[in-house]
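For the record, the sequence lines run as chains W and V.
If you're matching positions, the first sequence starts at 1 in the working numbering and goes up one per residue.
If you're matching positions, the second sequence starts at 1 in the working numbering and goes up one per residue.
In short, the hints are calculated from the structure, not lab data.
Mixed in with the good hints there might be a few duds.
To be verified - Computed list of chain W residues with no C-beta within reach of chain V, every gap over 12 angstroms:
(1) Arg136
(2) His234
(3) Ser326
What the hints assert, rightly or not - Calculated lysine-lysine pairs in the DSBU-like style (CA-CA distance at most 35 angstroms, straight line):
(4) V:Lys125 with W:Lys379
(5) W:Lys378 with V:Lys46
(6) W:Lys378 with V:Lys22
(7) W:Lys391 with V:Lys46
(8) W:Lys65 with W:Lys378
(9) W:Lys166 with V:Lys123
(10) W:Lys372 with V:Lys125
(11) W:Lys379 with V:Lys46
(12) W:Lys398 with V:Lys90
(13) W:Lys372 with V:Lys123
(14) W:Lys65 with V:Lys125
(15) W:Lys259 with W:Lys275
(16) W:Lys103 with V:Lys123
C-beta: ideal position from N, C-alpha, C; glycine also.
What follows is each chain in one-letter form.
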Amino acid sequence: MKLPIYMDYHATTPMDPRVLDAMTPYFMQKFGNAASRNHSFGWEAEEAVEKSRKQVAELIGATSKEIVITSGATESNNLAIKGVAEMYAEKGNHIITAATEHKAVLDTCKHLEKNGCRVTYLPVQQNGLIDLDQLRDAITDKTVLISVMYANNEIGVIQPISEIGKIAKEKGVLFHTDGVQAVGKVPVNVIKDNIDLMSMSAHKLYGPKGVGALYVRRKSPRVQITAQMDGGGHERGMRSGTLNVPGIAGLGEACTLCKNEMAEESKRLSFLRDKLRNKLEAELDEVYVNGTMEHRLPHNLNISFAYVEGESLLMGINDIAVSSGSACTSATLEPSYVLKALGAGDDLAHSSIRFGLGRFNTEEEVDYVSNKVIDVVKKLRELSPLYEMAKEGIDLTKVQWGAH
Amino acid sequence: MAYSDKVLDHYNNPRNVGSFDKKDPDVGTGIVGAPECGDVMKLQVKVNPETGVIEDAKFKTFGCGSAIASSSLATEWLRGKTVDQALEIKNTDIVNELSLPPVKIHCSVLAEDAIKAAISDYKHKVGAAQPEAVAAK
């Protein structure tokens, strides 16, 4: 076993070596511009792009023509939301999203608010999921788009996507989902799930960084978006810019691998995830899983260790790469807004660790990680005045704390 | 974030972890911070009533590595000082000693507050003179 151990697969994934193999010819031998229509260099590049487009489409139940290549999910989210808001401005100016979305969605919505759009940010329940009745109630005749993520990047909970899609369809509203964490990990089907637009990223599914895609539905309804970048009119006019052919070849291969291996991989990872959770819960008191376990990615565990501050825990497990919702690990000194949205209290947000397991984690690593975390949490609780007070039977919520 | 060697040392080998009996008349206790802010420090001093010298100090801290290091360092500095000398410890001394980056200065402020709160608690107990400024802000 090699140290440090990477267990932060929601942040990014290492490339699968098979993906690299699929990419290498397109750097030097087959370097053509996919938009060059009049020679073989262009043709072979275009062929690679079309093959990848098909591979992406097959993973999500779409057709090739519905896949728009982008630089990644941030761009896809921007393109989908701004593109719809602009294209359908005459129909209405209202967008519905959720409080726990990724910043690429939230900040895009905030940008649109400055330009005259109205945005509803749906709260989530304590399990991390939106309430479908609240969604229904939020829709008005001015609503043009619902944007709710498929699976959350921090707590891994999977939203009721096909129900949201159904509601959107009934009301004649378009439905965009940020599929970054879900695509390639759990079965996603844009037809079954009634999805109109979906953002994806290669580097979250063992592909390269800097490439992603946006699914844009072409039939019932035919979705149109306004391009956000002017240029040569690539990607059916929706996204100009010379295509990143090696990256796209990698994206396609990564999708095919996920499609072929998903069933087995998710079984293996949920076994490892459950083992990790069970060990932590067996050895430590007062650990709390954030978000529902019932509707959740198989490889995610987000857990709060009460009375222990997240950054100090990360410091103690410095040969393990995970992340924390603690304020001290963020640039803003604010604890995770996702955990705060669950309403569990800021103290538990400060005490949270996100484990993201992935393709290259082994059972040996999971054993090492669980033992190490248990040791450090025990050590830090020895150091924690809160743990001491709790053990003395003091109700910490009733203590008059000084503001700081 | 990179930690200084001294922060790492205090984190890995915290000095003077523990608790005294709060009710002991020779013990002053300061608890500052709040769980929802991510830092709570408990600092205790045990004072020789005859000499006014802090003979022992202990801490427990819920917080980041820099908060743990700041309070661990504070207990080291408190031992052997008189109560009045203890009040001269400034957060900037802690910042310099531990090379804390700007985002961690609040950890040192909290440690200074904890010292003041502990001393103030002790002074209250002995009924000595006017309580020195701050309890937990």
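Checked hints:
no.	hint	in the structure
1	Arg136	34 angstroms, holds
2	His234	41 angstroms, holds
3	Ser326	6 angstroms, violated
4	V:Lys125 with W:Lys379	32 angstroms, holds
5	W:Lys378 with V:Lys46	27 angstroms, holds
6	W:Lys378 with V:Lys22	24 angstroms, holds
7	W:Lys391 with V:Lys46	23 angstroms, holds
8	W:Lys65 with W:Lys378	55 angstroms, violated
9	W:Lys166 with V:Lys123	68 angstroms, violated
10	W:Lys372 with V:Lys125	43 angstroms, violated
11	W:Lys379 with V:Lys46	24 angstroms, holds
12	W:Lys398 with V:Lys90	31 angstroms, holds
13	W:Lys372 with V:Lys123	43 angstroms, violated
14	W:Lys65 with V:Lys125	79 angstroms, violated
15	W:Lys259 with W:Lys275	25 angstroms, holds
16	W:Lys103 with V:Lys123	50 angstroms, violated
Violated hints for the displayed structure, listed by number in ascending order: 3, 8, 9, 10, 13, 14, 16.
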